[in-house]
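Q: Quick note on numbering: the UniProt record's numbering labels position 31 of the sequence shown as 31, and the sequence is numbered without any gaps.
It cannot be assumed that every hint is accurate.
Unchecked claim - Label-pair distances were calculated between CB atoms; the ranges are:
id : residue 1 : residue 2 : range
1  : 10        : 51        : 55 to 63 Å
2  : 29        : 50        : 27 to 35 Å
3  : 14        : 49        : 20 to 28 Å
4  : 51        : 30        : 46 to 54 Å
5  : 52        : 26        : 23 to 31 Å
6  : 22        : 65        : 36 to 44 Å
7  : 14        : 72        : 16 to 24 Å
8  : 20        : 42        : 27 to 35 Å
9  : 42        : 15        : 37 to 45 Å
10 : 68        : 12        : 33 to 41 Å
No lab work stands behind these hints, which were simulated from the structure alone.
By construction, the Cβ of each residue, glycine as well, lies at the ideal position given by its N, Cα and C atoms.
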Amino acid sequence: MNSPYYQQQPGQIMPEPPNVNSTKDHLYLKDALSWELTAMKMLHHGARNCMDPEIRDYMDRAGQMHQMHYQILLSHLNPANTANH
Numbered sequence: 001m002n003s004p005y006y007q008q009q010p011g012q013i014m015p016e017p018p019n020v021n022s023t024k025d026h027l028y029l030k031d032a033l034s035w036e037l038t039a040m041k042m043l044h045h046g047a048r049n050c051m052d053p054e055i056r057d058y059m060d061r062a063g064q065m066h067q068m069h070y071q072i073l074l075s076h077l078n079p080a081n082t083a084n085h
């Protein structure tokens with residue numbers, strides 16, 4: 001298992017994901033970042049226009065959750081963080 005391109009045998013469980021991000025991985029992360037950013041913006045806009053304080057608070061918290069998810073996804077694209085993942 002010294003090769004970064006470890007070939008898994010049929011029926012064998014991979015002990016950990018490979019340290020390589022494929023083009024498909026990057027495209028998925030790009031899409032996921034876009035989804036999180038859109039959700040964050042929509043919730044922020046909705047919270048600013050909401051008159052009910054309880055719903056506004058819920059929308060703010062949901063927006064913060066999406067912002068946290070965005071930051072986590074973004075960290076997977078930063079080459080400096082590859083040792084941490």
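Q: Determine for every hint whether it applies to the structure shown.
A: Each hint, compared with the structure:
1. 10 - 51: 55 to 63 Å: 59 Å, holds
2. 29 - 50: 27 to 35 Å: 31 Å, holds
3. 14 - 49: 20 to 28 Å: 47 Å, violated
4. 51 - 30: 46 to 54 Å: 36 Å, violated
5. 52 - 26: 23 to 31 Å: Once the Cβ atoms are compared, 40 Å apart, the range 23 to 31 Å for residue 26 and residue 52 is violated.
6. 22 - 65: 36 to 44 Å: 28 Å Cβ-Cβ, so the 36 to 44 Å window is violated.
7. 14 - 72: 16 to 24 Å: Distance hint for residue 14, residue 72 holds at roughly 22 Å.
8. 20 - 42: 27 to 35 Å: For residue 20 and residue 42 the Cβ distance comes to about 34 Å; the hint holds.
9. 42 - 15: 37 to 45 Å: 39 Å, holds
10. 68 - 12: 33 to 41 Å: 34 Å, holds
Of the numbered hints stated above, those contradicted by the structure are hints 3, 4, 5, 6, listed in ascending order.
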